[in-house]
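J.: Listed below are the residues making up each chain.
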Amino acid sequence: MTHETPTGAGQPAVLSINGVSKTYAGGFTALKSVDLDIRKGEIFALLGPNGAGKTTLIGIVCGLVTASSGSVNVFGHDINGDFRLTRARIGLVPQEMSIDMFTKVKDAVAYSRGLFGKPADPAYVEQVLRDLSLWDKRDEQMRALSGGMKRRVMIAKALSHDPDILFLDEPTAGVDVELRQGMWQVIEKLRQRGKTIILTTHYIQEAEEMADRVGVIRQGEIVLVEETATLMAKLGRKQLTLQLAEPLSAVPEALAVEGLTLSEHGDALHFDYDTRADRTGITTLLANLNAAGVSVRDLETRQSSLEEIFVDLVGGAS
Amino acid sequence: MNWRGALTIYKAEMARTGRTLMQSILAPVISTSLYFVVFGAAIGSRMESIDGVGYGAFIVPGLVMMMILMQSVSNAAIGIYFPKFNGTVYELLSAPISALEIVVGFVGAAATKSLILGALVMVTASFFVPMEIQHPLAMIAFLVMTSVTFSLFGFIIGIWADNFEQLNIVPMLIVTPLTFLGGSFYSISVLPPFWQTVTLFNPVVYLISGFRWSFYGVSDVDIGISLAAIAGFFAFCLFIVWRMFKTGYRLKT
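Residue numbers (our numbering), protein chains in the order written: chain A, 1 to 318; chain B, 319 to 571.
Bound conformation, chain A alone (with noise of 0.2 angstroms):
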């Protein structure tokens, strides 16, 4: 019986991915026991560094790679021993340009389609190709097609059975601004149909741009899952770092106040406020630091930005 487990945010999960480890033959471990749950209907955004595994979590997802263990759910059904019922709510847009190149468009997507199973819809494939602006393609063989078609027909070809999750493995790897860009509307076309959809980028532009939420692989091991609004209100964060004339030993009673810290070797102060708040606080801090007769040598401010956030936490890559 199909189920949807509850998760956070209200929204159930329809993929659960639940230890999944993957080491390949040679000895290189793509992935350590990674635990995931995508919520029905948002744009998650797996971000991380080349060879982090986010092609291979997708892999054993869509059944291209076999997980050395762990387990995985779609729509509450294993992704192995129910692989047909699985497999049939899920489409997969490679990383790679996978087509055959003497196919016509839309012979194509009937293929990717019958492969599904499904029996012939033109109506609905005619819908799919209208979306990606690839109805006045139909006719062309995929060889005459420039590089951002065929990346739309790929998507195509994943849409052609109608699919709940859609897996996109760097949509936008390898195109140019404007192509980029009109990737994104698709996408966001695609979630107002209601689709799920799980896309590897590394674009953080991408990921802020799109995502619901974000999850960062770093060295196969996930490391940060976090709601983009929350990360982008970091973002709104900033840090006044303030060098004193003389160390302190401590934060003076006068100048406590939240967000306040002193440096290690007491030379300076930090303070941490939002830039969107109505009051800052930085007037009153430093009203209260003259007050205080506490001098001041120099002060910088700097805003840490989610490229930051994401450097850091895969810092240890490479």
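Simulated from the structure, these hints should not be mistaken for lab results.
Values in this document were obtained by computation on a predicted structure and should not be read as measured data.
Don't take every hint at face value.
Pairs of lysine-lysine residues, derived as DSS-like cross-links and limited to a Cα-Cα distance of at most 27 angstroms, are as follows [to be verified]: (1) A:K137 to B:K402; (2) A:K32 to B:K329; (3) A:K118 to A:K137; (4) A:K106 to A:K189; (5) A:K118 to A:K150; (6) A:K118 to A:K195; (7) B:K402 to A:K104; (8) B:K329 to A:K150; (9) A:K150 to B:K564; (10) B:K329 to B:K570; (11) B:K564 to A:K118; (12) A:K104 to B:K329; (13) B:K329 to A:K118; (14) B:K564 to A:K104; (15) B:K402 to A:K118; (16) A:K40 to A:K118; (17) A:K137 to B:K329; (18) B:K402 to A:K106; (19) B:K329 to A:K106; (20) B:K564 to A:K32.
Mind docking chain B on chain A? Use the hints.
T.: Coordinates of chain B only, in the frame set by chain A:
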């Protein structure tokens, strides 16, 4: 069962044949016909009859079998190798389709093509040499079993092959010599006793002998042994394919 998936693969493979009609159908028919013209009509008229059958007619079953073996192997091998080569194999592996259904699609299409070619070659041969078919049902059974079994063998090669050289090496270095030395052009009874014994280790001998029996009622080896040999090879290939899918050999990582 996802028979629609198997049918989709079958149709796509047959459509590929349709796109390459010259290479897929005409070329093998013409090259095999040349054998009839040269060995059957031209040289055959100067050769002695074998087991009471004229030489031109004697070589027809062997040539048909030779073409079917080679075409079955190469078609099925290319059929599964091509998706591996261009990356589209991901679709097969991520679709709700079982190994059996995938095999039925690819092997069924390769065998169908071989059967079409076999029929065309036999019709062509009938224009050059006098032919008779004493056991038509047995002939059809041999054609179907050989086409399916060697398509299965080709499918194994297609999965095993990592490059185009490997794809061609087995058909070129194993299937072709075995076929030429398997009695396509002669009866093994003309060989010295030692080589007759050696030849019996060649599985193709049993196919050609059995197939020739269905035409003229004469054979080098017992028809029962021929049937057992082809059934045994079929079972062997089926086991290998099953293991390949079970372990994901050169398909999954």
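J.: For every hint, state whether the structure bears it out.
T.: Outcome of the hint check:
no.	hint	verdict
1	A:K137 to B:K402	26 angstroms, holds
2	A:K32 to B:K329	42 angstroms, violated
3	A:K118 to A:K137	23 angstroms, holds
4	A:K106 to A:K189	21 angstroms, holds
5	A:K118 to A:K150	23 angstroms, holds
6	A:K118 to A:K195	18 angstroms, holds
7	B:K402 to A:K104	19 angstroms, holds
8	B:K329 to A:K150	23 angstroms, holds
9	A:K150 to B:K564	32 angstroms, violated
10	B:K329 to B:K570	25 angstroms, holds
11	B:K564 to A:K118	25 angstroms, holds
12	A:K104 to B:K329	14 angstroms, holds
13	B:K329 to A:K118	15 angstroms, holds
14	B:K564 to A:K104	33 angstroms, violated
15	B:K402 to A:K118	24 angstroms, holds
16	A:K40 to A:K118	23 angstroms, holds
17	A:K137 to B:K329	22 angstroms, holds
18	B:K402 to A:K106	22 angstroms, holds
19	B:K329 to A:K106	15 angstroms, holds
20	B:K564 to A:K32	24 angstroms, holds
Hints 2, 9, 14 from the earlier list are contradicted by this structure; the remaining hints agree with it.
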